[in-house]
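Chemist: Quick note on numbering: the sequence shown equals residues 6 to 324 in the working numbering.
Don't read these hints as lab results, they were simulated from the structure. Please read all numbers here as calculations on a predicted model, not as lab measurements. Ideal Cβ positions, reconstructed from N, Cα and C, are used throughout, including at glycine. Zero decoy hints are in this set.
Pair by pair, the computed Cβ-Cβ distance ranges are:
id, residue 1, residue 2, range
1, G296, F210, 43 to 51 Å
2, A24, R154, 17 to 25 Å
3, A277, G155, 16 to 24 Å
4, R135, P157, 21 to 29 Å
5, A218, D156, 42 to 50 Å
6, P157, G221, 39 to 47 Å
7, A18, G155, 29 to 37 Å
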Amino acid sequence: MSPPAALRPAGLAPYAVLAVAPLCWAGNIVLARGVADLIPPVAFAFFRWTLASLLLLPFALRQAARDRHEIRRGWKRLAVLALLGISGFNTLLYAAVHTTTAINGALLQTSMPAVIVLLSLLLHRERVSRAQLAGVLLCIAGAAGIVLRGDPRRLAQFDLVPGDLLMAAAVVLYALYSVLLRRRPPLHPLSLLAATFAFGAAALFPAFLAECALYGAPALDGRVAASVLYVALFPSIVAYFCWNRGIDRLGPNRAGLFINLIPVFAALLSAALLGERVQGFHLAGLALIAGGMILFYRRGGPERRTRREPAATGPPARE
6 MSPPAALRPA GLAPYAVLAV APLCWAGNIV LARGVADLIP PVAFAFFRWT LASLLLLPFA
66 LRQAARDRHE IRRGWKRLAV LALLGISGFN TLLYAAVHTT TAINGALLQT SMPAVIVLLS
126 LLLHRERVSR AQLAGVLLCI AGAAGIVLRG DPRRLAQFDL VPGDLLMAAA VVLYALYSVL
186 LRRRPPLHPL SLLAATFAFG AAALFPAFLA ECALYGAPAL DGRVAASVLY VALFPSIVAY
246 FCWNRGIDRL GPNRAGLFIN LIPVFAALLS AALLGERVQG FHLAGLALIA GGMILFYRRG
306 GPERRTRREP AATGPPARE
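Please work from the sequences and hints to get the whole structure.
Modeler: Rendered as structure tokens:
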């Protein structure tokens, strides 16, 4: 019996691309906690997306010029995507780490695939089979097991603080971004990144000025500058390019499960960079996540589209 198309080598390419995004994002929240006392959240987000826009500009300018008519026609949809996935999500995440704990933040992020599936059902009328639902639950269980370090009693430490509410709101915003991405204008991937990054940075500018007026301009030392450079390059340009491409090829439901790889990669990065030991609960959680993803993709089949195709599925974007 031949393996399912999604599990054949040629079919694995979109999944490999998608895996890069949580790998980059795994370090984002840890880094944000590390500089939380050095730079306020709006400033961190504004500097991140402004620098990301500037770094991307030399590579995207020519293609964006070719796509200028599509950008002009679809600027409202691009602005909505930018407000949700660029400005809103990241600013709320950076604000959340000022008060929330590591266990709370990680647990709340693992709820994103379920939120994506729910929003896809509501907005796109996509059907979710029992096998797919079981796969989602397995992934969430595996990610939660890693966060809880294999000890369910750690749930007793899950006390709601303002940061938890901010993180929950951030999860909803990014899930909505992921679902609505299928309705984007038919742009080249670089044009899409450049447009949403620019819209996102522009939307943050008034909030940045207000934050400076209230709390003063942030001090930019070497540690802050290095942190901004990292988040502008890897969690922004690299991760968003891979995430957008993955959703474009696989749809939001299939792509959403990869969010559960964030705690897995965080554990592996901690072991590699900080000398922390990989323990049994890490491997058990990884096994649950892998099993859930295989179950979801093996039984899911192509995602059901609505009768009225979203704008993103019109003429293919030029490569």
